[in-house]
Amino acid sequence: MNKDSKPGETNPGLQARCIAGREIVFDGEGFFNDFFDWSEEAFEILAKESGIDCITEQHRRVVRFLREYYAYHGRSPLNHQLRNGTGLSALEMQQLFPEGIKLGARRLAGLPNPKTCS
Amino acid sequence: MKSVKLTVNGIERHFIADEDRVLLDLLREDLSLTGAKQSCDRKGQCGACMVIVNGKAVLSCLTKVSSLDGAQVITIEGLGTPDNPHLIQEAFVLAGAVQCGFCTPGMIMASKALLDTNPDPGKEEIKRALRRNLCRCTGYKKIIEAVQLAGRFLRGEITPDAARPSLKEGIMGISHPRPSGLAKACGTAHFTADIRINGALELAVLRSSVPHARIGRIDSSKAESMPGVVGVVKASDITGTNILKYLRADRPVLCGDKVRYIGDPIVAVAAETKAQAEAALTFIEVDLTPLPVLDSPEASLAEDAPQLHDEFPNICLDQPQIKGDAQAALQESAAVVEARFQTQINHQAPLEPEATAAYWEGDPAADEDAKLVIIGRSINIHYHLGMLQEALGWDNMSYREAYSGGQFGIKLDIISEGIAGAAAIHFKRPVRYIPGLTESMLMTSKRHAYKMDVKLGADAQGRITAYRNDILVDKGAYYSIGHVLIMRSLLMLSGSYHIPNVDARARLVYTNNPWGSAARGAGPPQVNFALECAVEMLADKLGMDPLEFRLQNSLKPGQSKSTGRVVTEWPLPELLEAIRPHYGRAVEEAKNYRNGPVRRGVGLATGSFGIGGPGDVSVAAVELDPDGGVSVFAAAADPGEGNDSMLLQLTAEFMGLPFEKVRVHTRDTDYTAASGPAAGSRITYMIGSALLDALSQLQSAMNETGAKNSDALAVAGKPSRYLGRKRNEDAGPLDPKTGQGPSFESQVHAVQMAEVEVNTESGEVKILKMTAAVDAGTVINPQNLTAQLEGGLDMGVGYALREQYIAGKTKDWISFKFPTINHSFDVETIIRETPRPKGPMGATGVGEMCMVPTAPAVINAIKNATGIWICDLPATPDKIKARAAALQQEK
Numbered sequence: 090m091n092k093d094s095k096p097g098e099t100n101p102g103l104q105a106r107c108i109a110g111r112e113i114v115f116d117g118e119g120f121f122n123d124f125f126d127w128s129e130e131a132f133e134i135l136a137k138e139s140g141i142d143c144i145t146e147q148h149r150r151v152v153r154f155l156r157e158y159y160a161y162h163g164r165s166p167l168n169h170q171l172r173n174g175t176g177l178s179a180l181e182m183q184q185l186f187p188e189g190i191k192l193g194a195r196r197l198a199g200l201p202n203p204k205t206c207s
Numbered sequence: 021m022k023s024v025k026l027t028v029n030g031i032e033r034h035f036i037a038d039e040d041r042v043l044l045d046l047l048r049e050d051l052s053l054t055g056a057k058q059s060c061d062r063k064g065q066c067g068a069c070m071v072i073v074n075g076k077a078v079l080s081c082l083t084k085v086s087s088l089d090g091a092q093v094i095t096i097e098g099l100g101t102p103d104n105p106h107l108i109q110e111a112f113v114l115a116g117a118v119q120c121g122f123c124t125p126g127m128i129m130a131s132k133a134l135l136d137t138n139p140d141p142g143k144e145e146i147k148r149a150l151r152r153n154l155c156r157c158t159g160y161k162k163i164i165e166a167v168q169l170a171g172r173f174l175r176g177e178i179t180p181d182a183a184r185p186s187l188k189e190g191i192m193g194i195s196h197p198r199p200s201g202l203a204k205a206c207g208t209a210h211f212t213a214d215i216r217i218n219g220a221l222e223l224a225v226l227r228s229s230v231p232h233a234r235i236g237r238i239d240s241s242k243a244e245s246m247p248g249v250v251g252v253v254k255a256s257d258i259t260g261t262n263i264l265k266y267l268r269a270d271r272p273v274l275c276g277d278k279v280r281y282i283g284d285p286i287v288a289v290a291a292e293t294k295a296q297a298e299a300a301l302t303f304i305e306v307d308l309t310p311l312p313v314l315d316s317p318e319a320s321l322a323e324d325a326p327q328l329h330d331e332f333p334n335i336c337l338d339q340p341q342i343k344g345d346a347q348a349a350l351q352e353s354a355a356v357v358e359a360r361f362q363t364q365i366n367h368q369a370p371l372e373p374e375a376t377a378a379y380w381e382g383d384p385a386a387d388e389d390a391k392l393v394i395i396g397r398s399i400n401i402h403y404h405l406g407m408l409q410e411a412l413g414w415d416n417m418s419y420r421e422a423y424s425g426g427q428f429g430i431k432l433d434i435i436s437e438g439i440a441g442a443a444a445i446h447f448k449r450p451v452r453y454i455p456g457l458t459e460s461m462l463m464t465s466k467r468h469a470y471k472m473d474v475k476l477g478a479d480a481q482g483r484i485t486a487y488r489n490d491i492l493v494d495k496g497a498y499y500s501i502g503h504v505l506i507m508r509s510l511l512m513l514s515g516s517y518h519i520p521n522v523d524a525r526a527r528l529v530y531t532n533n534p535w536g537s538a539a540r541g542a543g544p545p546q547v548n549f550a551l552e553c554a555v556e557m558l559a560d561k562l563g564m565d566p567l568e569f570r571l572q573n574s575l576k577p578g579q580s581k582s583t584g585r586v587v588t589e590w591p592l593p594e595l596l597e598a599i600r601p602h603y604g605r606a607v608e609e610a611k612n613y614r615n616g617p618v619r620r621g622v623g624l625a626t627g628s629f630g631i632g633g634p635g636d637v638s639v640a641a642v643e644l645d646p647d648g649g650v651s652v653f654a655a656a657a658d659p660g661e662g663n664d665s666m667l668l669q670l671t672a673e674f675m676g677l678p679f680e681k682v683r684v685h686t687r688d689t690d691y692t693a694a695s696g697p698a699a700g701s702r703i704t705y706m707i708g709s710a711l712l713d714a715l716s717q718l719q720s721a722m723n724e725t726g727a728k729n730s731d732a733l734a735v736a737g738k739p740s741r742y743l744g745r746k747r748n749e750d751a752g753p754l755d756p757k758t759g760q761g762p763s764f765e766s767q768v769h770a771v772q773m774a775e776v777e778v779n780t781e782s783g784e785v786k787i788l789k790m791t792a793a794v795d796a797g798t799v800i801n802p803q804n805l806t807a808q809l810e811g812g813l814d815m816g817v818g819y820a821l822r823e824q825y826i827a828g829k830t831k832d833w834i835s836f837k838f839p840t841i842n843h844s845f846d847v848e849t850i851i852r853e854t855p856r857p858k859g860p861m862g863a864t865g866v867g868e869m870c871m872v873p874t875a876p877a878v879i880n881a882i883k884n885a886t887g888i889w890i891c892d893l894p895a896t897p898d899k900i901k902a903r904a905a906a907l908q909q910e911k
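Those sequence lines, one after another, are chains A and B.
Using the numbering used here, the letters of the first sequence correspond one by one to residues 90 to 207.
Using the numbering used here, the letters of the second sequence correspond one by one to residues 21 to 911.
In isolation and in its complexed conformation, chain B is listed as follows (with noise of 0.2 Å):
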């Protein structure tokens, strides 16, 4: 122990600190101030948890308390706070550089770090700085922006006011700030781990160390004797169902008599601080008798293998879809190109790691019908809290939506949840299960490994004529989302384009590998990457120009998609036409850079991704206020996106009211309707649209009886609450022969072009720029929207070249290749806006739209730098390298 005087934001403080204690630790547990967060299991691999140390940024996960006598120490809640921000705070604001807001704190201090010493610096001095840094929503185009704006008020030549949008400038199409952006650049965003609750006992859990066996004994005296240690729950002790259903029972809260992945959770320990949870856990005996591992869908598949799940066969569903006559039409075709193509299982990686608190509201021990409160990350509360209800036989329960670090899909099944509720009902007590990012990305959902044997043909004069796609996904060890990712791969199966024949098969399985579900695009982004990079093959074969060909094939108004179903708008070819210049421009320069072992490259794909898919139904309810402000109550998630930024805009548009007039309740089952997930790009489209359906009976109201607020209206005797729906006209699942029938009733559109450079040498690959053009209809939030560009074209590029989640290897950022700012590329946006007839105000979604060409762009640049081909994402080096070789070795 050593004694420690130190000064916190100005407050001198005096601590008797372990030689081992981080001040991460003592800033958020000792002091609460919480702004600095924990992502990277303390290795200094995020840049979260900055804070300032005698005026340089330090990593606070990696600095000794011990070391900080006499030290000034200044946090993010050290500068500003919502209501009077710091210089810094505003323009990460104003920059748009502030999405889910986890790692914006450590940003604001490496980038006050850096403007207290060097007022104006350029963008590489940014870079520098802000290297230790990571983001996962931004692409970190709009922080560096946010650092130069800074500089600009602090070197005082403009202010926030001037650089703030005016109401009198409109509301719609504006990019008026998010109004949770303030909070969380102070810091005073609270994300689950942040929350203390008093007396809450702290999880840990025994996860499975291999991915398939049998359940025998499990001695846990020896750990229940621990100190600190309350007791285990194991999933003896779960009262409910202990599944968790999301679209199919198959997945346990607590594993009983089979692991089926590593990661499966077996016993949870419960105890008084999290380091003696931690410290039980090891003295857990399990015995685990191995079973087979049926480790691909082809083992899976084999007439020997044991099947994983008693109740249901290895084969979760096998769809085809079939439009016309491909085999005939292929044969016929003047040419075909055909090929293998491969994607990865992937970590979804948003920056907070997964946690789970949940406390009781009345006794348990005394009352039944005491609530249990989680509180959770999820992007699906009423549909969670059903699922869990269920799982835990415990009804009163409500859920609350923290501020979210990211999710990108994770969350749309529930993952700690279920855990910590199940130890709050075993020892009625309040709980806390806050597992670091190893044991995070252990736990959660992945992104589907898709295998695509494909075949593509045209006639003569370059016209599509046939597509053959024999679909294998690993589905991993449990259902989650199953058969609603194969039907959106094949709702999308022939993207942009027409194609009068296709001839498809998706087959979803069962293995023991990580198990997926939603991850941004969830199907599309697998299926997008085969189809582009195919229809680049079958131009070069024809030696067509790929803009030409697409523009070429691209679908029209009148006919139909692979489901069959006849679209009524399709604006891809004027978002071909403006990215032509672009096109046009790249070309050119590449032509310099095509000898020698560094090589240029360009490369383009297209999208057209359905929003609101069929069936779809989404309700949100509004009040009118005894002000006459409008109370918005819809379970509209907003891990980063920006929805609290559309729901406002909406609503203070069509009610002609100011912002401050506008509340809107999101984030509580018990003050929310049930909109739906925040999935499938539909918050906007469906919530929206739900939404404006509620005010337009609202304002209806009040035009009839002349009520100006909910007093009056009530002495009119009409009600002052109203809930609103939008329903798609479209429903029902796909023909289970022929995958014919409904699909998406909107569409949101790109066209991506990637400008690489290819070292064969190395193998290594550059972004240089990324261009995108997309058409979503009507924009509400312009900054919102490119910031959603910009986040999913790094993510993408990340997809394309990087990352990969590989079971018991990839356990940090740093095995998991996370982006950083010095994988940062130029993005250029082109943005169009074809209102959309059923879409609110015109909008339609665009949150996923934006990584689904990103991979095939990037992989046919890399074809036209090097002529080399990777059908097998990701595009490393050594696979670069090796096929530059045997290249190299055939001329």
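Here chain A stands alone, though its shape is the one from the complex (with noise of 0.2 Å):
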């Protein structure tokens, strides 16, 4: 496994990273391969990495109720409900995770994409 790259640069499929002395697989798009491989200090590495310089209490919000409708559904919530379930906007939302809900929200809460075959 290439452990010096950033996931999806070499190789579309997936990707071992040395996060905090850990080794996590992501898929092609930087997502965590398994919801179980995440933890607080590889979301402050990669939070840091995508351009959060500053983790608050609200982007921990958001990433509580993730974390926490993913273990309850086993799937992603829908965006009106990551609104509904947080109390913020989809502005607010932007603002906390520049990169987006999908690939900056979800993706440093560790929820994974549905997967595509193998």
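Hints are computed from structural coordinates only; laboratory data are not their basis.
Mixed in with the good hints, there may be bad ones.
As the list claims (entries may be wrong) - Where chain B lies over chain A, by a calculated footprint (3+ residues, C-beta under 8 Å):
id, region
1, 116-129
2, 167-176
Said to hold, decoys possible - As a list, the in silico PhoX-like pairs of lysine-lysine whose alpha-carbon atoms are at most 20 Å apart:
id, chain 1, residue 1, chain 2, residue 2
3, B, K561, B, K475
4, B, K786, B, K899
5, B, K391, A, K191
6, B, K242, B, K294
7, B, K899, B, K63
8, B, K786, A, K191
Quick caveat, the model's predicted, so the values are computed rather than measured.
Ideal Cβ positions, reconstructed from N, Cα and C, are used throughout, including at glycine.
Dock chain to chain to rebuild the complex, using the hints, since each chain is given by itself in its own frame.
Listed below in structure tokens is the structure:
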């Protein structure tokens, strides 16, 4: 496995990265391959990489909601469910996560993409 | 117009009908009797529309209503209901003859017409009665058995209760009828085209008739002024990305600048009726400036070839696989064979044509959060939902899987949903997009064509030493599953064998041919065809018996595949031993037919098919219900394999519940866990394992608290819902330079034997019998397992001998050469059950492996009979005849 590469750069398939001393597998879009590989520490590192310099309580509220939703349903919420669940508007969400809800919030919260095929 | 009185299912009806109106349309559209299906564009080719008129089975798609004055019509709905089924409907379910269920109503009506006049028909009489009815799932064996069982029911020799397995016999390993069986047999299972939506617009789509062109002016003004037309949708009307990205963002919902294959969609017309939409289509003017056509991978790789996609080079992937030193090993080998193998572009050929219905929950004109519901045939509803959200620019959507008339990989990618969803958003109205068969064949994905230059060597003792394979794959116009196809081909390149030295290269190349995607097996059927034929050639060259040669070279625990991964179990030799007596018998019998123009031959091939790919993860949720039952929430699509049986039987067995207390929810993104696609034969292994993990958590909570239902768990402070997971240990891609790396967690193994009769003068090949020895681990439902095997063998034989998709020429089931009941052959299955330690209760998958060894077994049998090698599929009569003549001349 190519541990030095950023996810999705050289191979369209799965990529392993070493984050905080732990090898984690990401898909081609940089999403956690497994929901249970996520950790607060990984979140903080990935958030910084995505341009979030200061993690606020609002960030954590979004991440908490997303993870609780997935742990219960086994899928990601729709955007309006996320808005209702966090009390944050789409604009606020965009400001919190510059890469947007999917590539920002959902990715950083460790929610995996639905699987394609293998 | 003509006034017609007829009786339908005992109710007198009066219609004023157009002279051209056919009974099928009257039943489906006017009476909502949708049990009779439309598949073949009303050409009388498929029998899915069969009903009984005046005691005779007729094709309702060819029967004019105007000819039916005074007629007695019986449809599938007139026989029975799931609560009170007809004996023939029960027989079809109990015999395991119902898989996807799309052909089932027509089959049952043809059977009823037969049994009404002949209650004890022989096999040939059944085949004659069902000669007009097509089935893609079963290989017809269980359908013939169902008619025989129905005869026994009707003659009073046995009752359905006596034929139905009892729970007292156990749950695992027993052929309990699949939960969806009776709904399909009674015509109450709704497929997408059966779903009526009040006020829905109907769509027709203008598609490219050329393989490569730049789109210029589009003038739809005349079409938009046609009666009933509401408007058109073009690429510029789509507010999302307009790109359907499965693994690469290259396929537009509607083409804006270029078309890249015959069938690429350009404009959709929406009208109040389908006829109006289709009529308007002919008035749309599109300027297409032809561009150079890249009709093969070689043309696309030429130095001066234009780039098909601005963003991507023509070569999508170039992946080597290097293990040991194949060049040196080949040089030192005592025997080497060399050949070029080619496989064709093929259609997966589910009997149900493509279809999507879309409607709104809420008013999209007033509420930007109104929900768009897409109903279709997806086998990956959560992933497809995400694709649609991005492509169409609408977030609040859900995807509901209707009953699916087979799919065999064709629905791993989105097909008609994008256009239907785009139109629903553009017009803010419900829509239905129900293309006919010809358009469906144009627009859907296909099986990839492979060219493989192969060298295989062995030492003097008959041990395989080295394998070279230079693989060139025709990607077609769009990427779809792209690299996954290549990885799967290389992950299974060495098949069942221990090959110490491998030198392979697999290149995937865009062309202007139909776009390839998943197709039962997706890659391994192609590469296994080359390997198994080469193995046969090598055994022949060494003068060794093909079975002994395979046995000697079988991989063994502790040895590694071409990926370098060492295997811990490999129960292939046991299967070779199991088929040995059958092989001996077949070889002896064939000896009597070695001279003259009609000759018999026997061919073997193996398959070791990976299940549970590297990095695969699945989830499933379970919930304890107030009555102590369990609800399962997992997006496990079931286009006919019997996944509903699998989830039901695993849950009932694990929890000790009766079937009626297990509720399985699999079809809706609003209610299911995102369990991943019904592809790669992964459903049983991955979702079944995730299910058991969830049930295990639930059972622990129940044991800990003593709770027997959800209320008691709540009182004890425990949740009633649990998310289970299955994660394969290995993850990550193959090394880009060596192709070495992680592999599948489990394998399903098979040995197949073909017995054929070849007429060297006509080139016709008759399959006398196929024998399949299979080890798929612990068997959950034997009938579902053998149903997959029989259907897979039928599909594999079609792939070997007849089927091919030629763009612009293959337009229906006749030109596709769809296998009929008259092509059906004897099948014998030998089942071994080596429990897979990491599979659910020891099980693994089986759906694709069924056809992986079939084509090489058939081709090897043709060689055995005639001395002729057919290395380019399909082995049509013309090819065989020509090569037989050439061989005769050489002599």
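Evaluation of the provided hints:
For a cut-off of 8 Å, the count of residues in the region 116-129 of chain A with a CB near a CB of chain B stands at 5, and the three-residue condition holds. Under a criterion of three residues with beta carbons nearer than 8 Å to beta carbons of chain B, the stated coverage of the region 167-176 of chain A is upheld, 3 such residues being counted. Restraint check: the Cα-Cα separation between K561/B and K475/B comes to about 13 Å, which is no more than 20 Å; the hinted pair holds. For the hint linking K786/B to K899/B, the alpha-carbon distance of about 15 Å falls within 20 Å, and the restraint holds.
With a C-alpha separation of about 19 Å, the suggested pairing of K391/B with K191/A holds against the 20 Å cut-off. Only pairs whose Cα atoms come within 20 Å are accepted, and K242/B paired with K294/B is accepted, the gap being roughly 17 Å. Straight-line distance between C-alpha atoms of K899/B and K63/B comes to about 29 Å, which puts the hinted pair past the 20 Å bound. With a CA separation close to 55 Å, the supplied pair K786/B and K191/A exceeds the 20 Å bound.
The structure does not agree with the numbered hints 7 and 8 stated previously, though it agrees with the rest.
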